[in-house]
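**Q** Residues per chain, in single letters:
There are 4 protein chains.
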Amino acid sequence: MTADHRTVDLNADLGESFGAWTMGDDEALLEVVDRANVACGFHAGDPLVMRRTVRRAVQRGVAIGAHPSFPDLQGFGRRRMELAPEELQAMLLYQIGALAGLCRAEGARLAHVKPHGALNNMACADEALARTVVQALQAYDPALPLLAPAHSALERAARALGQPVLLEVFADRAYQDDGQLVPRGQPGAVLHDPDKAVAHVMAMLQAGGIVTRSGRVLPTPIHSICVHGDSPQAVQTARRLRQVLAQRGWLAPGAGVPVA
Amino acid sequence: MTADHRTVDLNADLGESFGAWTMGDDEALLEVVDRANVACGFHAGDPLVMRRTVRRAVQRGVAIGAHPSFPDLQGFGRRRMELAPEELQAMLLYQIGALAGLCRAEGARLAHVKPHGALNNMACADEALARTVVQALQAYDPALPLLAPAHSALERAARALGQPVLLEVFADRAYQDDGQLVPRGQPGAVLHDPDKAVAHVMAMLQAGGIVTRSGRVLPTPIHSICVHGDSPQAVQTARRLRQVLAQRGWLAPGAGVPVA
Amino acid sequence: MTADHRTVDLNADLGESFGAWTMGDDEALLEVVDRANVACGFHAGDPLVMRRTVRRAVQRGVAIGAHPSFPDLQGFGRRRMELAPEELQAMLLYQIGALAGLCRAEGARLAHVKPHGALNNMACADEALARTVVQALQAYDPALPLLAPAHSALERAARALGQPVLLEVFADRAYQDDGQLVPRGQPGAVLHDPDKAVAHVMAMLQAGGIVTRSGRVLPTPIHSICVHGDSPQAVQTARRLRQVLAQRGWLAPGAGVPVA
Amino acid sequence: MTADHRTVDLNADLGESFGAWTMGDDEALLEVVDRANVACGFHAGDPLVMRRTVRRAVQRGVAIGAHPSFPDLQGFGRRRMELAPEELQAMLLYQIGALAGLCRAEGARLAHVKPHGALNNMACADEALARTVVQALQAYDPALPLLAPAHSALERAARALGQPVLLEVFADRAYQDDGQLVPRGQPGAVLHDPDKAVAHVMAMLQAGGIVTRSGRVLPTPIHSICVHGDSPQAVQTARRLRQVLAQRGWLAPGAGVPVA
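Residue numbers (our numbering), protein chains in the order written: chain G, 1 to 260; chain E, 1 to 260; chain C, 1 to 260; chain S, 1 to 260.
Okay, chain G solo, but in the shape it has when bound (with noise of 0.2 Å):
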């Protein structure tokens, strides 16, 4: 390793169980995952869920960022919406402080903020959405980073306004060369063999930047690996992932939060 050899960390969305529903495997990523997406009450993770997925977290010395979305427990916070901007900076506040209340309590601090579903996704190719969500991270705190994918609206909006940033790669999913991710539709959009998200990553890594299906290098520094927990194979994937980064050097010892 460089001097200037950077690392990574793993994250990955938590806490989305809601009352008497249970989502996702919490309990297997929060072993292999740096930095956990902590749903916020909008799309997912009831305040209880909320408090022991906190609690979790701090035993496991995994970091615990909010996961901020659109007011949308049925769709998953996946559903488009328009809200005026004043009234989204609201709700990213009062989710961002509610999650920080439970942390309070169960003596952590945030880490970061990573906005969900569709608000990320309008927000990453919307500028002025990009620039509304960035505003209300810097009134709560100018110091918080933002997670963000690489070459997104998000990253630039962050940029601008001098908020820091940790900029994403996801370890599953195929780009295009606009640097944005190739549609779930199309075909090889997912990366569902272990072994080639394992193999995208270490490229990205290596080529210091996106790698596109086509095989261009989108050059960005790479602070954090997503690894969707959405799919079967995918606590495997961040387990095989976790081991590759480590035997390369690639994960900081005790991890957890990157400086921007």
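Be a bit skeptical, because a hint or two may be false.
Derived CB-CB ranges, DEER-like [to be verified]:
no.	chain 1	residue 1	chain 2	residue 2	range
1	C	Ala125	S	Arg109	30 to 38 Å
2	C	Gly215	E	Glu27	38 to 46 Å
3	S	Gly162	C	Thr22	33 to 41 Å
Negatives, chain E to chain G, calculated, CB over 10 Å [stated by the list, open to error]:
no.	residue
4	Asp25
5	Arg60
6	Arg78
7	Ala90
8	Arg104
9	Ala108
10	Ala125
11	Arg159
12	Gln176
13	Asp177
14	Met202
15	Ala203
16	Leu218
Honestly, the hints are just simulated from the structure, not real lab data. C-beta atoms are modelled at their ideal positions from N, C-alpha and C, and glycine is treated no differently.
Guided by the hints, dock chains E, C and S onto chain G, whose structure is given.
**A** For chains E, C and S alone, coordinates are given in the frame of chain G:
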């Protein structure tokens, strides 16, 4: 005034609008109270209402407290319900945190917590529930005062657990000899006449305790006077009360956050 | 009156209170309209509000229609959102059925369905969405009329699918030459003066079509006049309009449920 | 079989998924029950889940009942709460109507109503609440049967008010001598062994009444056997039970909707 002369402040419930629906005359109340109990979204107060209420309170120099509730928007938090202690605590932390997040964005800090509606009524009479509430507050911040009715189970729980407590009496409500409010249905339960409400408050301050309907005095410190916003005379009563309290030296200069 | 003289009725949105919050002057409107569009709980109107609204409408002989919405209580159904067609249809059936259940308990029957807010606006312009809405209504009852703005995609979808449709014009809104409403932001969009609103309606009835801002006539049957409840002059406009319509023989005796 | 031999059917709670969250094995249960208690959106079951559940039940020839609840999505309708009778009745009508609307779109009709969770538990013991529930059902349809536990306040209220009632016993729960279920916390409360559950049911059918833990018989007609879906053995128990009931002639050909 002697050295041991206590000062009091005025508190009222605010921010109880929701979405397209408005409630109360917040502007008028913010001019006469020192302390606002701000709804946290579970019985009233969506995030945008909360943010605007916080902003106005900051502009007026009014101290901001969280006014958490059972999850009951349709019933305005007035429905009695049974929640597991762990679940209720998570809900309280969620709501307190959410309001704290909006405060942080407006450069404010929470000054107290006061439970709302059925939760408050039940916790005033149920020692176990009162402890559950106080423990949640304590987990959030052991220095953040609970605003509680004098002679209630909430007061006793706060004292037993070492949480600071501010004791309130009601300007427009008559008391029974056990320190409980005369139920609203009964004649004389509510003092609609502002002059009578002011006289009631002054009698209690001078007696150093709750003055019951039968004339008994239940000694208690009094830190805050609650003026309800739900009667037409509420603002008028609050204005008269403030005037009289000021004339007689009961209002602290700057007021807002008395020390328990 | 000749044999082909058409009669019209007046419709308005009602039952838009929720829990402890009230909205609109339903009592006054029920005295001047023939047809109430009753909120179904998704943007306003909890079950108790719905039942009371139905009961009063029955007492006044006012026809009851379902006024279903996107699931958006906080945004009063005014937020644009994207729902899968199958999901939206289930929501529409749910809301229509819920109101029908309350009608049944009060001895009433649904007379029409009129989508609310952003759903209505979007479905007036989007042919696919309009078909989705009409299909849901048709699955519920192929004989239940849709109440839709004249010259809208909703009208076209109803005609294409063979669902009965009642066409409405707005008393207090100016029209563009394409038949769409002048957006609220623009000058002259809303006719605040009751006299002007009444004159506008009479001009359209006499012309047998929408009279646009520029004076063009877009021929259409007109079955119902929508009087909004959200302006201070709304009730006054509705009363004047009713008076003039009655004088000139445009109101059917008994009114309520014209046949499409 | 003698002429007075009664037949029974099997019922289970279904459609308890919500949005992105799934619960229960509805497909398996639909193959073994005659009667589905379908969640109506207040404790589980969004409109799309409801529609799909209705559609599948129709395909399988399973009778559909409404399974209304307190408004408590997060607590799955298991939280005890106090609602004004008028408010609860409106909520019941809303839920019954909503499911009826979805049934209508699928060519089905409601066959019964069975309250859910805490509402059911409370109404089994509280005569006034039981009357409130039955009155709501009666206002909706005086011929629609209530499905109620034998020897409950709900049964008594239905009989007193003349509403048809179907009486159920639980396959996997032990009974106290007062006819109430042994509370879940106590040893022997739940019969996990399918063979024991089947034997328990057969004993009750042959005795013509509830057989309590101590061996007493509380005579009652039995119209339906409730098989819960929340234990791993539930489907297995239901299958065994169906098999044995069929062998011994307890299942009506066509089953589904026995007459009260």
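**Q** Tell me the numbers of any earlier hints that the structure contravenes, in ascending order.
**A** Failing hints, ascending: 7 and 8.
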